[in-house]
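Guided by the hints, dock chains B and C onto chain A, whose structure is given.
Chains as they are written, first to last, in this note's numbering: chain A, 22 to 361; chain B, 22 to 361; chain C, 22 to 361.
FYI, nobody ran anything at the bench for these hints, they're computed from the structure.
Worth double-checking, as some hints may not be accurate.
[What the hints assert, rightly or not] Heads up, incomplete: computed chain B residues facing chain C, CB under 10 angstroms, no partners named:
hint: 1; residue: GLY49
hint: 2; residue: ILE50
hint: 3; residue: VAL51
hint: 4; residue: ASP67
hint: 5; residue: MET100
hint: 6; residue: ASN102
hint: 7; residue: ASP103
hint: 8; residue: PHE247
[What the hints assert, rightly or not] Under the rule of at most 25 angstroms between Cα atoms (straight-line distance), these lysine-lysine pairs were calculated in the DSS-like manner:
hint: 9; chain 1: A; residue 1: LYS66; chain 2: B; residue 2: LYS225
hint: 10; chain 1: A; residue 1: LYS59; chain 2: B; residue 2: LYS225
hint: 11; chain 1: A; residue 1: LYS312; chain 2: A; residue 2: LYS287
[Claimed, not checked] Over 10 angstroms on every C-beta distance to chain C, these chain A residues come out as not near it, computed from the model:
hint: 12; residue: SER62
hint: 13; residue: GLY87
hint: 14; residue: ALA181
hint: 15; residue: MET182
Quick caveat, the model's predicted, so the values are computed rather than measured.
Even glycine gets a Cβ: it sits at the ideal position worked out from N, Cα and C.
Residues per chain, in single letters:
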Amino acid sequence: MKKSLLALAALTAFAGAASAQSSVTLFGIVDLSAVSSKNGSVSRKDLTNNQLNSNRLGFRGVEDLGGGLRAGFWIEGAMSNDDGNAAGQTWQRRSTVSLMGGFGELRLGRDYTPSFWNYTIFDPFGTNGPGSMLNIVSTLGSGAGTLVRANNTVGYFLPAMGGVYGQVQVAAGEGVAGNKYTGGRIGFAGGPVNIAVALGKTPKDGGLTDDYTDKNVGGSFRMGAFTLMAQYSMRDFANRDQKTTMVGGTLAFGASTLKASLTNSKGAQGSSARDFDAKQVAFGYQYDMSKRTALYGVYSTLDNDGVAATGSLFSIGTGAAMTVGGEKSSGFAIGVRHSF
Amino acid sequence: MKKSLLALAALTAFAGAASAQSSVTLFGIVDLSAVSSKNGSVSRKDLTNNQLNSNRLGFRGVEDLGGGLRAGFWIEGAMSNDDGNAAGQTWQRRSTVSLMGGFGELRLGRDYTPSFWNYTIFDPFGTNGPGSMLNIVSTLGSGAGTLVRANNTVGYFLPAMGGVYGQVQVAAGEGVAGNKYTGGRIGFAGGPVNIAVALGKTPKDGGLTDDYTDKNVGGSFRMGAFTLMAQYSMRDFANRDQKTTMVGGTLAFGASTLKASLTNSKGAQGSSARDFDAKQVAFGYQYDMSKRTALYGVYSTLDNDGVAATGSLFSIGTGAAMTVGGEKSSGFAIGVRHSF
Amino acid sequence: MKKSLLALAALTAFAGAASAQSSVTLFGIVDLSAVSSKNGSVSRKDLTNNQLNSNRLGFRGVEDLGGGLRAGFWIEGAMSNDDGNAAGQTWQRRSTVSLMGGFGELRLGRDYTPSFWNYTIFDPFGTNGPGSMLNIVSTLGSGAGTLVRANNTVGYFLPAMGGVYGQVQVAAGEGVAGNKYTGGRIGFAGGPVNIAVALGKTPKDGGLTDDYTDKNVGGSFRMGAFTLMAQYSMRDFANRDQKTTMVGGTLAFGASTLKASLTNSKGAQGSSARDFDAKQVAFGYQYDMSKRTALYGVYSTLDNDGVAATGSLFSIGTGAAMTVGGEKSSGFAIGVRHSF
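This is chain A alone, in the form it adopts within the complex (with noise of 0.2 angstroms):
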């Protein structure tokens, strides 16, 4: 990828903080997509955000301090860009500092927590839109905020080393419930192959009523112009847990590109009958009108196990939760992506 830099004119604070020539980087992302949904009997349209990426706005740079060290700093926050309104410029969606060399990244702050990524680069829907296999994924009620990202992290990645790539994260709980975390990632890139697997853990003692678990494993393989992807996942909390199997693939032909993934989730709770399994099947269709803009469709259906209990349903798109075990949920997302 091209860049092209700001020079921008730094700050001089109060109270001794000088400051200098720097460079940083503005991006972000609007992604609007018209969105047909039915759960159950019930159906709905809506224009919403995030179907192909999650729309964004944010601010990075690197400095170099000379003997091989980089500073950096990363804020990046979510947009609502179907009402301009909700998911205001805070910076939510990533918000560091680091210092970086030859020992690898040192970065603090709000950052994604290592066992979040295998769910998102080894799906060939990421983590948005009626495709995506988190539409089935479960914290199990745990209360865990930790599928995602944490707060207060303080994170160690691995230097460049052949193919090997790795990352630590401990995450100070600070009284918030379920933002306690501990967790780390290791995988391997080399030639048509990419796999990686991790650990991450929040536990009883950051305000939970029991230690909530996550463990990963996932992979793609290229071959040519299709790129096979797949993925299992446990979470574990308390007498519950689930475990989600996905295969899914993607097909590049000139500027589209089309994907498709099966998702089966297997959910127990104990002895109980109330299980809550689910299964999806995902096919979207994606074209790019240039690297940063591109028109997409993406179909996706469900179906949840007959016996799942009220709370314990999964659904496609924004309408109320469902309620009938054994109902299907499906969803239908046409829109276009742009990115600056």
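Only chains B and C this time, still in chain A's reference frame:
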């Protein structure tokens, strides 16, 4: 207007969003004004925003896709610069993504309604400050939130066709009362003449107790340094309606501009004597220190009808609502507007 | 400090706001720190913002109007980078528009109060972190919100006149209790000396039960690598008053700076034995990796008076308020500050 754009790096989004070099524009307005207002017997003094133009901060950009096609985005938020506090950096003023080409423009997101534009373009005071005719315009207690903007819109704009311009827009209600909307506007601008007619409807099935409609026509005619402006609008809801006539003009000499307007609103509620007529007279002076920085002063006074009921009384400025029929309200603002 | 500015396009606002080419500066600070604090017998650990400087994101710019006149704006918001969540992108830290020329500067909007500056400029730790003398400064339960900033201000700054500098400010209360304000500051900076005196008043008729006043004087004296700082301040409200003395200094060698301060506060409430005296000792070390990036550590400890009542007890860090008179509070922060 000359433009110089930022060269900015685009984001490599995860899950397939490639991106490329781009240009993005940062823009904004800070407009602060000392305002003295008198509503009936109550006076107050404030330092206030938005008295000449609306304060804002935004980013926008256009990408050339080749073949005459372009993609663009526009995110713009309000700023409350007198206290830095309210109206945080959400992108409520406008938040859109567009595809443009020989066919015109397709625009998705939160945007101005077609039925809004005549109100501001054909008023010497726009929609800001003590002089705006909107001071005595009512949405008739309908709950319609579409006088200025709507969420979840899909809009289409005609391409350049001689002097003819036009747009249509629909907005999904998505369960928010008063947001559902259908509207259009068509106009002609050529030589000294600019004229347009618009129609907007927020239907009963968008969460109101009846249909709300807004029909308006406006125009301007340039005669050397003097520009004459006039508009007529009708708003209807249940057994209430309001008809508003405005005549005004601007006279430019050197860096100075004089402005004046006279507005007359007739409000009726069924066969009741509870009408809510009002008249407003406004005078203004603007001195452009540069194209971006202006000093200004505006004075206006309005008369409420003697028998108008509480809640149907109009006022100028930020004081408490007026409660006595027949009372006058007046306001004076002196301020500086700086755009960037 | 070197500067390189953005060339940015200005906005064509509707309703008459023309605009032209401009330069705008983006700036900010991300400062994250691991903080360990102990208040009485209660300890806690946090990842926290603002321990060396206050986190911020802002835009500012100056336009040359010709004839020695300039217009400028400054919008600056706080960032909570440890959770990306609180302190959203409103522009509370500063939000102003200015006209500048040979006459000085006229500034409107939300700004720092004149009576604030001595507190931060003449403290080795500024207003941030465990070392700041503000840890034991009280606004005496007055409800005055003007210790640091005020809304709705109109301010005037003297032009450069030898080493003399000064400013006056009034803030309209606008019905917000404790925001009304009148204040001024005058100082002299020349050679190794910088000294200033300031006075601020938040009057009873601004929604308080009595007048609140803040009088302070501060200075610094540079002797080679060592800079001595001292300040004295008096705050008064009803039958309560507080007098605070601080002596401190900084010693620079290479990229390192040592800091220390000793603060003594005497608080009295009428003839009651309920005084609220407190003492603080602070030590700090800062290592500048570049002009923009610094590593730092700060330790401080404070002693509350034995007979102080609950609510008049001071503490360091973010824990719960202390409740037992005579207890100590201490805090240690180690962090990285990166500005852009």
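For each hint, the structure was consulted:
1. Because the closest C-beta pair between GLY49/B and chain C is about 7 angstroms apart, less than 10 angstroms, the hint holds.
2. Interface hint status for ILE50/B: upheld, as the beta-carbon distance to the closest one in chain C is roughly 6 angstroms, under 10 angstroms.
3. At a threshold of 10 angstroms, the smallest CB-CB gap from VAL51/B to chain C is about 4 angstroms, leaving the interface hint in force.
4. For ASP67/B, the interface hint holds, the least distance from its beta-carbon to any beta-carbon of chain C being 5 angstroms, beneath 10 angstroms.
5. With a least beta-carbon distance of about 6 angstroms to chain C, the hint placing MET100/B at the interface is held under the 10 angstroms criterion.
6. At about 4 angstroms, the closest approach between the beta carbon of ASN102/B and any beta carbon in chain C falls short of 10 angstroms, and the interface hint on this residue holds.
7. For ASP103/B, the shortest C-beta to C-beta distance to chain C is roughly 5 angstroms, which falls under 10 angstroms, so the interface hint holds.
8. The beta carbon of PHE247/B is not positioned within 10 angstroms of any beta carbon in chain C (closest approach about 14 angstroms), and the interface hint is therefore violated.
9. Only pairs whose Cα atoms come within 25 angstroms are accepted, and LYS66/A paired with LYS225/B is accepted, the gap being roughly 18 angstroms.
10. Under the criterion of a C-alpha separation no larger than 25 angstroms, the hint pairing LYS59/A with LYS225/B is consistent with the structure, at around 24 angstroms.
11. Proximity of LYS312/A to LYS287/A is assessed by CA-CA distance (about 38 angstroms); at most 25 angstroms being required, the pair is judged violated.
12. Every CB of chain C lies more than 10 angstroms from the CB of SER62/A, the least distance being 38 angstroms, so the non-interface label holds.
13. In this structure GLY87/A is not separated from chain C by more than 10 angstroms, as the shortest Cβ-Cβ distance comes to only about 8 angstroms.
14. With a least beta-carbon separation of about 22 angstroms from chain C, ALA181/A lies farther than 10 angstroms from that chain, consistent with its non-interface assignment.
15. Distance check on MET182/A: its Cβ is at least 24 angstroms (rounded) from any Cβ of chain C, clearing the 10 angstroms threshold; non-interface status holds.
Of the numbered hints given earlier, the model fails hints 8, 11, 13; all others are met.
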